[in-house]
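Participant: Sequences are here, hints too, so could you generate the full structure?
Each protein sequence line maps, in turn, to chains R and W. Counting along the first sequence from 1, when you hit position 161 you're at 161 in the working numbering, and nothing is skipped either side. Counting along the second sequence from 1, when you hit position 253 you're at 253 in the working numbering, and nothing is skipped either side.
I should point out that these hints are in silico values taken from the structure, not numbers from a laboratory. Be aware that a few hints might be false.
[Said to hold, decoys possible] Restricting the straight-line Cα-Cα distance to at most 30 angstroms, the calculated cross-link-like pairs of lysine-lysine (DSSO-like) are:
#1 Lys16/R with Lys106/W
#2 Lys514/R with Lys432/R
#3 Lys512/R with Lys343/R
#4 Lys254/R with Lys235/R
#5 Lys106/W with Lys204/R
#6 Lys332/R with Lys204/W
#7 Lys16/R with Lys254/R
#8 Lys343/R with Lys204/W
#9 Lys254/R with Lys106/W
[To be verified] A few chain W positions that, by computed beta-carbon distances, are all more than 12 angstroms from chain R:
#10 Leu13
#11 Ala21
#12 Tyr26
#13 Arg47
#14 Ile199
#15 Lys204
#16 Ala205
#17 Pro232
#18 Arg239
#19 Arg264
#20 Arg270
#21 Val280
Cβ atoms here follow ideal geometry from the backbone N, Cα and C, with glycine treated the same way.
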Amino acid sequence: MPALLVEIGVEDLPAKEAGLIAQAFRENFLRALAEARIPHGKDRLFWTLRRFALLMEEVAEKQEDFEEEVRGPAVAVGLDAQGNLTPAAQGFLRRYGAGPENLIRRRVGAKEYLLLRLKRPGQPTAEVLRELVPQVVRGIPCSKSMRWDGKWSFLRPIRWVVALFGSEVVPLAVGGVPAGRRSQGHRFRGGAVEVRVPAEYAEKLRASFVLADPEERRALLLHAIRAVEEEYQAKAALSEDLWDLLLGQTEWPKPVLGRIPPEFLELPEPVVVAALREEGKFVPFTQGNRIAQVFLGFAEGEGDPELVRRGYEQVVGIRLRDARDFFCQDRKRALASRVPELKEIMYEARLGTVWDRVERIRFLCEILAEKLALPPQLLARAAFLAKADLLTVMVREFPELEGTIGGIYARLDGEAEEVARAIEEHVRPRGKGDELPQTPLGVALSLAEKLDGVIGPIRVGEVPTGSRDPYGVRRRGSAAVRLILEKGLRLDLFALIDEAAGQYPGEEPAEKVKEFLWERLRSALEERGVSHDVAEAVMAQRSGDCLGVWERAQALQDLVGQKELVDLALAFSRVRNITRGSEVDRFSPELFLEEAEHALWHAYLLVRERVAEAMADHRPAQALKALLALKAPIDRYFDEVLVMHEDQRIRENRLGFLTALVHLFLQVADLSRLVVPG
Amino acid sequence: MRTLQDLILALHLFWKEQGCAIVEPYDLEKGAGTFNPATFFGVLGPRPWRVAYVEPSRRPADGRYGENPIRFGLHHQYQVILKPPPPAIQDLYLRSLEAVGIVPQKHDVKFAHDDWESPTLGAWGVGWQIWLDGMEITQFTYFQQMGGVDLDPVSVELTYGLERIALFLQGRESAFELRWAEGLTYGEMFRERERQFSIYHFEKASVERARLLFDFHEAEARECLAQDLVYPAYDHTLRCSHLFNTLDARGALATAERETYIARVRALARACAEAYLREVAGARAPR
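Facilitator: Structure (C-alpha cells):
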C-alpha cells in the first residue's frame, strides 16, 4: 500500500504556536481517517514555522466497505391497510434506487418503521482526501486567525500544499491553493523542492536547508548549548518559554556565539538574563550567580557568522544600555516611596486597586505570622513592598522580572535581607514546574499573595470554568496547596479564610473558596500518586489542615494492596453500613449484653488512645497501625451480636457505640471508600 | 547606502517600481505612519491602493533628552501600504532589503511573531517584527480592522524603522552619529530638538492647557462629523491623539483616566471611519 504525504506551507507561524498547530493537524488528520474508515500504518509528523506535514505509511487505497441503514417512513405511513406500498414508501425506494424486496421493518422507539439496508462500497482514498484534508486544516484551533484573501482564515496565510499518495498528486486544494508535489526549501538557500514520493520528503528538505523534524532541531540546539556550557564552565539560563521559541524560530538553526560588552556585566544578573532571552532572542549563561560573558543565538540559515555575530552584539549592547537606563531611572526613588501609587493601578473593578490587594495581603500575613511563628514586622514590611515594583520601568519592560527586581531594589534601599528575599520569592511558583520560595518569610508572603488571588476573585463570582480563568485563580490555588504540602505548613487554612472573610467584597460565601481549595487539594494528591479511592478515603471529612490530609493519604497509600488493610477495610465497611444515617455516638457500656461487645469496647478504648496520641504527633501511619487491632474484635462482634435488637434501648446503644467507632476511624480515613479486590 | 537620505531614496525607487504612489508625510503630529490619512482612509473600502511615504513619528514618552542612542521622541518611519497584498509579499519585502544594500542571505533574518494593535485607532492586525541579526527593523502587519471596521480586502502595512536600518547599514552604535547627508549628521540635525522636546513633554507642558486643548479638538471633531466633514474631523482626531500622548508622557494620567482618554480618541476614529465609508468611499471621491 502506498504512503501518503500532506504538507501545508505557510507564512511564518508564531514560533511558540507552530508545534501546537502541527500536533492539532496530526490529531485531526488521524481522527478523520479513522472516521472515513481508511486504515493506515505508522505516521510521522514534521514541522517548522513555515510548514507542517504528516507522512503516513501503508495507507489503504480505498475506504472499507460498509453497510448503512436508512430510515424511511413509519409503517403506518408507508403501508396501506392492505399492506401495499403507499406513494411515500415508493418515493423512499426511488430515492435510494432500491426495490421493495430490500425493505425491512423495525421498531425504533415507540413506532415501527420501514428501513433500507444499503451496501456502501468504499470510495478511493484519493477521492475522500479531497474533502477531508481541507476540513482537517480548517479544524485546527488558532490563537488568533487572520484573513488574507477574503475566503479562508487561518493563523497565517497558506502558500503551498503538497499532497502525494504514492507517487501521485492528490488533486485537492487548501486555502485556495491547489496541491502539487512542489515544496519549498529554506527561504534563502532552498528554492523549490520537487518531492517524487512521500518517503523522500525529509531528506529532500534537508538537502534544501530545512530540518523538518523538530527532534532533530532540538538535538542540534541542545548540542550547541552543551558545548558552550562545557567550554565556559557555565550554565544556560533556559526557560520553558525560551525553549519553545528557540525550537520554533528556525528551519536551519546555526549557532552563533557572541560576547556581552563588559561594561554591562555589572548589571544584576536577572536583568541581563531577562534582556537576553526576551522574545527568545538569545540564550544567556550564568557562572554561579554571575552572568557569563558569552551568549548564544541561533541564526536562521547559512548566513555569514561574523556579520551575524556583530549584529547580535550590537543588539545586545543596545538592549542592555536600555536596561541600565531603566535601572538608573528606577533607582532615583526608593521602592517604598512608590507604594502609594499602587492606588492608581486597577486590579479588578470590584476588588479595587493593587493597593487594596496589598492591604489584604498584609492582613493575611498578620494571621500567618501568628500561626507560623514568624517575625510579624518583617513580614508586614515585605507585604507592604511586595507589589511596588509593578511601578518600575524595569518591570514594565521586562515583566518576567516582577518580584525579582523588587527584591533587588529593596536590598539596595537597605531593607532587611529577609524582606528583600521575601519580595523576590513571593511571585513563586510562577507555574507548575517552578521553584518554591526558600525562606520562611518568602513562603508566607507567597502563600498570602496566592490566597488573596483565590479568595478575591471567587468572592466576586470569578470561579474558573473550563479554560476560562482570567485571574489565574486555578494556578494560584494549586500554588497555595503546593506551598502548604511541600513546605510542611501546619495550619488550618479554612479557619484562616474565615478570619479574613470580612476583608473581601462580593456576595459569594467563603464556603465557595473552601470548596475550591478542597478540590485543588484533591488534584494535588492525585498528581502526587495518591489513587482516587485513597483520596476519597482521607477526604471523606473536610478539614482545613491540608498537610494533615496529605500525610494521612501517604500513610494509607503505603498500605494499599496489603491484606491486613483489605481485611480491616471490609470489617469497617460493615460498621459503616449499619450505622449509615446515625450521627449520635453516645452509648453506655452497662447496656452491653454480649461478651463480644465488651471485647470490642475494650479494644476501642485502647485504640482510641493510641490514635489520639499518633494524630497529635502527626504520625498517621501509627494511627492506622493502631486501627488494625480492631479488625478481629469487629469481626467477632458481627458474628455474635445482633445490632438490630428488638429492644429499642439496646439497639440504639449498639448503634451509638458503632457510630463512635466510625468517628474514630474517620479521624484517619474512611476505609469504606477503598476499592478492595474481589 | 552611505547616508540616511540614500536609504529613503532607494526605498522610494523600489516601491515606486511596485506601483506605489509616493506621497509626502502628513502635516500633523502623529505617533506612527499608520495615522496618516493615506493609510487610515486608504485601507478602508474595496478599492485597491498602494502607497509609500516617510512619516516623522512623534512619541513623546519615548524621548530620552537626546541621550539614548536609539530612542527618540521623534523617529522616522518608512511606511508602505499594499491593498490587496500580493501572494509573494514576504519575498517582495526581502527584495526591498536588497534594494537598500542588505543581502538577506548573509544575515539572520527572522519573521518573529508580533501582532499589532492600536487601541486609539480601533485597529489591529497580525504579523511580524522582522529581525535582522536580532535587530527589529520592520513591522509587517496584515491589517484586519481599522477604525473598528473589518477590512475587505485586507491590507499589508510595512513599517521600516529608518534609524535602525541606517545604524545597521552604516555600522554605527548611536543614531546621532548617522550621516543623514554627506557632511551632516543625525545628531547635528536632531539632538537639540530631542533634548528640548524631552524637557517640554516630561517637565514643562501645561497639563491643564493640554486637557483643555483635547476637549476643544474633540468637540471640533464632533462638530465636523455632524456635518459629514470627514477629513477635518480626522485632523482633530489626530490632534487629540497627540495631546493624549503628551498628557501620558507628562505622567498626568492615572490608569483609569488613561483608559478613558484612549476610549475617547477611539470613538472619534471609529466615527471617522464610518463616515468615510458612508460619505466618501461610497461615491463622491475616487478613494
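Participant: Does each hint fit the structure? Answer for all of them.
Facilitator: Each hint tested on the structure:
Of the supplied pair hints, the one linking Lys16/R and Lys106/W holds, its CA atoms being roughly 25 angstroms apart against a limit of 30 angstroms. For the suggested pair Lys514/R and Lys432/R, the alpha carbons sit about 21 angstroms apart, so the restraint of at most 30 angstroms is met. Taking the CA atoms of Lys512/R and Lys343/R, the gap is about 28 angstroms. The hint holds against a cut of 30 angstroms. Straight-line distance between C-alpha atoms of Lys254/R and Lys235/R comes to about 20 angstroms, which keeps the hinted pair within the 30 angstroms bound.
The suggested pairing of Lys106/W with Lys204/R holds, with an alpha-carbon distance near 23 angstroms, which does not exceed 30 angstroms. As the CA atoms of Lys332/R and Lys204/W are separated by approximately 20 angstroms, the hinted pair is consistent with the 30 angstroms bound. Between Lys16/R and Lys254/R, the direct Cα distance comes to roughly 19 angstroms. Compliance with the 30 angstroms bound is thereby established for this hinted pair. Between Lys343/R and Lys204/W the CA atoms are separated by roughly 25 angstroms; this keeps the pair inside 30 angstroms, and the hint holds.
The suggested pairing of Lys254/R with Lys106/W holds, with an alpha-carbon distance near 12 angstroms, which does not exceed 30 angstroms. Leu13/W, annotated as away from the interface, keeps every beta carbon of chain R farther than 12 angstroms; the closest lies near 23 angstroms. Listed as a non-interface residue, Ala21/W keeps its Cβ farther than 12 angstroms from every Cβ of chain R; the least gap is roughly 23 angstroms. Once the 12 angstroms rule is applied to beta carbons, Tyr26/W is consistent with being away from chain R; the minimum gap is 27 angstroms.
No Cβ of chain R approaches the Cβ of Arg47/W within 12 angstroms, the least distance being about 15 angstroms, so the stated non-interface status holds. Ile199/W, annotated as away from the interface, keeps every beta carbon of chain R farther than 12 angstroms; the closest lies near 16 angstroms. With a cut of 12 angstroms on Cβ distances, Lys204/W stays outside the contact zone with chain R, its closest approach being about 19 angstroms. Remark: the non-interface label on Ala205/W is consistent with the geometry, its nearest Cβ contact in chain R lying 19 angstroms away (cut-off 12 angstroms).
Annotated as non-interface, Pro232/W keeps its C-beta farther than 12 angstroms from every C-beta of chain R; the closest such distance is 32 angstroms. With a cut of 12 angstroms on Cβ distances, Arg239/W stays outside the contact zone with chain R, its closest approach being about 26 angstroms. Once the 12 angstroms rule is applied to beta carbons, Arg264/W is consistent with being away from chain R; the minimum gap is 18 angstroms. At the 12 angstroms boundary, the C-beta of Arg270/W stays outside the reach of chain R, the nearest C-beta of that chain being 20 angstroms off.
For Val280/W, the condition that its CB be more than 12 angstroms from all CB atoms of chain R holds, with the nearest at approximately 22 angstroms.
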